[in-house]
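Colleague: Put together the whole structure using the sequences plus the hints.
These are the residues of each chain, in order.
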Amino acid sequence: MTTLVLPLAGAGEEVNPLLPHTAEIIFGFVFLILLAIAFAKVVVPKFEKAYADRTAAIEGGMNEAKQAQAEAKAALEKYNAQLAEARSEAAKIREDAREQGAQIIAQMREQANAEAERIVTHARTQIDAERSQAVAALRSEVGTMATTLAGRIVGESLEDEARQRRTVERFLADLEASESARAAVGTDG
Amino acid sequence: MIAGVPTEFTPPGPGSFETPPIIHGVEWFTKPVLVAALSVVVIIWFFWGASRKAAVVPSKLQFAGELGYNFVRNSIARDAIGSKDYMKYVPYLTGLFFFILLNNVAATIPLIQFPTFSHIGWAYVAAIMSWVIYNAVGIKKKGLFGYFKHQTMPAGVPAWLMPLMIPIEFISNIIVRPVSLSLRLFANMFAGHILLLVFVLGGEYMVFESGSIALGGVGILTFLMGIAIAGLELFVQCIQAYIFVVLTAQYIGSAIADEH
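Heads up: the protein sequence lines correspond to chains V and A, in order.
Residue 1 is where the first sequence starts when you use my numbering, and the numbers rise one by one after that.
Residue 1001 is where the second sequence starts when you use my numbering, and the numbers rise one by one after that.
Hints are computed from structural coordinates only; laboratory data are not their basis.
Remember, it's a predicted structure, so these values are computed and weren't measured experimentally.
You may find that some hints are simply not true.
Take a look, some chain A residues computed to stay more than 12 Å from chain V by CB distance [claimed, not checked]:
1) T1108
2) P1154
3) A1155
4) P1158
5) G1216
6) L1247
Cut-off 27 Å, straight-line C-alpha distance, at most; resulting in silico cross-link-like pairs (BS3-like, lysine-lysine) [what the hints assert, rightly or not]:
7) V/K49 / A/K1084
8) V/K41 / A/K1060
9) A/K1149 / V/K41
10) A/K1088 / A/K1053
11) V/K49 / A/K1149
12) A/K1088 / A/K1142
13) A/K1141 / A/K1084
14) A/K1053 / V/K49
15) V/K66 / V/K49
16) A/K1141 / V/K41
17) V/K78 / V/K66
18) A/K1060 / V/K49
19) A/K1031 / A/K1088
20) V/K41 / A/K1088
21) A/K1140 / V/K41
22) V/K41 / A/K1053
Cβ atoms here follow ideal geometry from the backbone N, Cα and C, with glycine treated the same way.
Modeller: What follows is the structure in structure tokens.
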């Protein structure tokens, strides 16, 4: 390259185009290295930062959307859970009410039974009392009648059977008569 | 050069690329140096402006900057080097891509109209930088011996072929790559510009200086062709910037690739 001389030939003169000019070699290196440094130090970092920011912005937006989706899902789950809880509570309340109702009915039934029992007992006692009263009344009457009958029997001769029988028959007829008379009196009175 | 007076036509040649110094006496300050310096200023200004307030929601300028940056970062660096290691090389590859792109497209921008890389020095520099980087990262990762083994002894080749393979692979992977990188870029820019010069200067000569009506008509056609070729050149200029950077990324990728 030392043979290259810078005074440049005019048009038409013989020039070897494959031989470089020293000045241009130097400037070539200077310019290319300058450009490479300018790109390496300023342009590429700035652009790459913008690209990275862009990627981050897009990813951030996507993350945000994902988060919102997750939140919505959580809220939905919460509401569903609350709904299920409310449902089960309602079912429980219904069940309780039914149980309580059954209990009340059973209690009432028991009470009614007791009342019926009490009424029956009362009636029975009354009947017993009335009966014993009746028995006592009857007994005194029968005694009187027996005494009367015995008087009659003793008063009359008890020689023959026919007489005896007549006496009894008479007694019974009287008895019946008195009975019917009493009944007539009872119905009248 | 008065119209109608026939003069000798001087065809454009390698000498057409030798522009005089912009400031008389300051011989290093030539047009390609100026264009390259301008391109560096524009690139840094644009990307600094676009990335200065880089935010999650991009401004229009940031969006435009990201578009260019992402193109190199994702479609070139990540695809060729792999998503594990590519970030380390993105600054160089992005700077390289936009440096080549702007200096190539400068050939189409009115008033500048000079492809920096038609001066081969610039192409050599870019190729040497790429060469140094891909070899350096390869050696750093695998060690000197391991790296040369990796580059010259492809897996799956039988041992008896190795004496043949090693020199071929060494030449193609270590020696030819920077040469082809720089020559491809230089030659495309150089030839494209010469082609354009031929059409435009030729057309101009035929219209204004040949003094012939018929040649004048042809000259107009030639001029129109020149415009079409300028369109094609714009395409080539972009493609060449892309190819240079894709290949650089691929060389880096293959230098640090794990053995299959």
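Colleague: Any hints from earlier that this structure breaks? Give me their numbers in increasing order, please.
Modeller: 9, 11, 19
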